[in-house]
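For the protein sequence lines, the chains are A and B, in the order given. So in the working numbering, spot 103 of the first sequence is number 103, and the numbers just go up one at a time. So in the working numbering, spot 46 of the second sequence is number 46, and the numbers just go up one at a time.
A hint or two may mislead.
Straight-line distance between alpha carbons at most 30 Å, and here's what the computed DSBU-like set of lysine-lysine pairs gives [said to hold, decoys possible]:
1. B:K3 to B:K69
2. B:K69 to A:K13
3. B:K3 to B:K52
4. A:K57 to B:K3
5. A:K13 to A:K57
6. B:K69 to B:K52
Which chain A residues face chain B? A few, computed with CB under 8 Å, are given here [what the hints assert, rightly or not]:
7. G42
8. N56
9. G62
10. E103
11. G109
Sample of chain B residues with no beta-carbon within 10 Å of chain A, all distances over it, derived [what the hints assert, rightly or not]:
12. P7
13. H49
14. Q100
The hints are simulated quantities; they were obtained by calculation from the structure and are not laboratory data. Quick caveat, the model's predicted, so the values are computed rather than measured. Cβ atoms here follow ideal geometry from the backbone N, Cα and C, with glycine treated the same way.
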Amino acid sequence: KAGVTQTPRYLIKTRGQQVTLSCSPISGHRSVSWYQQTPGQGLQFLFEYFSETQRNKGNFPGRFSGRQFSNSRSEMNVSTLELGDSALYLCASAAGGIFDYNEQFFGPGTRLTVL
Amino acid sequence: DAKTTQPTSMDCAEGRAANLPCNHSTISGNEYVYWYRQIHSQGPQYIIHGLKNNETNEMASLIITEDRKSSTLILPHATLRDTAVYYCIVRAPTSGSARQLTFGSGTQLTVLP
Chain A
1 KAGVTQTPRY LIKTRGQQVT LSCSPISGHR SVSWYQQTPG QGLQFLFEYF
51 SETQRNKGNF PGRFSGRQFS NSRSEMNVST LELGDSALYL CASAAGGIFD
101 YNEQFFGPGT RLTVL
Chain B
1 DAKTTQPTSM DCAEGRAANL PCNHSTISGN EYVYWYRQIH SQGPQYIIHG
51 LKNNETNEMA SLIITEDRKS STLILPHATL RDTAVYYCIV RAPTSGSARQ
101 LTFGSGTQLT VLP
């Protein structure tokens with residue numbers, strides 16, 4: 001079956017702008033998590049959505065937000081971009097059922113560059 | 001989540017077994033050991049997980065010590081495509097709740113020709 005897809009793959013923005021990234025999980029998966037990866041901080045958890053509800057949130061400012069649609073597709077938005085927001089943004093999908101043992105499937109990521 | 005300690009880097013000859021260690025001395029009884037890897041500029045890839053018994057799948061084997069304070073991921077016949085950063089993560093199963101994964105620095109495995 002098709003894997004996790006993320007669009008766009010690459011994005012260049014300037015400081016102060018906002019950006020929206022999209023993630024389509026594996027068919028049938030209801031959990032979508034977002035991560036930020038930078039050389040300095042490594043992989044850091046942003047938030048997780050399950051059945052259109054945010055279930056967990058990492059330690060990021062309110063400029064980072066997300067949502068999930070009824071078809072499980074998810075978007076994340078970053079407003080008032082800063083240079084430090086330049087990163088690889090990764091989306092991970094999981095089945096989300098009772099016996100979900102954290103096997104998460106990651107997409108290829110969106111590389112955001114803020115100038 | 002319990003803290004994990006991994007070597008920063010390791011080399012392995014192509015065709016040989018790669019043994020990647022992980023220490024998790026503060027692991028709790030209900031926490032599992034998970035391994036993910038990340039090939040350069042790609043998203044992390046799930047490899048395997050286990051609780052206390054040794055586990056094997058088509059990608060790797062996971063050996064967990066009897067006291068569960070450490071584990072070893074074994075790639076039986078490493079290839080150049082196995083060059084990646086390998087992450088050991090300790091986490092309780094989610095049982096329908098949040099799925100946050102806490103990634104450490106991992107081990108950079110380089111498979112040499």
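Results of checking the hints against the structure:
Proposed proximity of B:K3 and B:K69 is supported: the alpha carbons are some 11 Å apart, at most 30 Å. For the given pair, B:K69 sits about 45 Å from A:K13 by alpha-carbon distance, which is inconsistent with the 30 Å threshold. This hinted pair checks out: B:K3 and B:K52 have alpha carbons roughly 17 Å apart, not beyond 30 Å. With a CA separation close to 20 Å, the supplied pair A:K57 and B:K3 stays within the 30 Å bound.
A distance of roughly 25 Å separates the Cα atoms of A:K13 and A:K57; the hinted pair therefore holds under the 30 Å criterion. The hinted pair formed by B:K69 and B:K52 meets the criterion: a straight-line CA distance of about 10 Å does not exceed 30 Å. With a least beta-carbon distance of about 6 Å to chain B, the hint placing A:G42 at the interface is held under the 8 Å criterion. Satisfaction of the interface hint for A:N56 is found here, the shortest Cβ-Cβ separation to chain B being roughly 3 Å, below the 8 Å cut-off.
With 8 Å as the threshold, the beta carbon of A:G62 stays out of range of chain B, its nearest partner Cβ sitting at about 18 Å, so the hint is violated. Taking 8 Å as the C-beta contact cut-off toward chain B, the hint placing A:E103 at the interface holds, the least distance being around 5 Å. Of the supplied interface hints, the one on A:G109 holds, with its beta-carbon coming within about 5 Å of a beta-carbon of chain B, less than 8 Å. Remark: the non-interface label on B:P7 is consistent with the geometry, its nearest Cβ contact in chain A lying 16 Å away (cut-off 10 Å).
Remark: the non-interface label on B:H49 conflicts with the geometry, its nearest Cβ contact in chain A lying 6 Å away (cut-off 10 Å). Non-interface call for B:Q100 relative to chain A: violated, since the shortest CB-CB distance, roughly 5 Å, does not exceed 10 Å.
Against the hints set out earlier in the document, violations occur for numbers 2, 9, 13 and 14.
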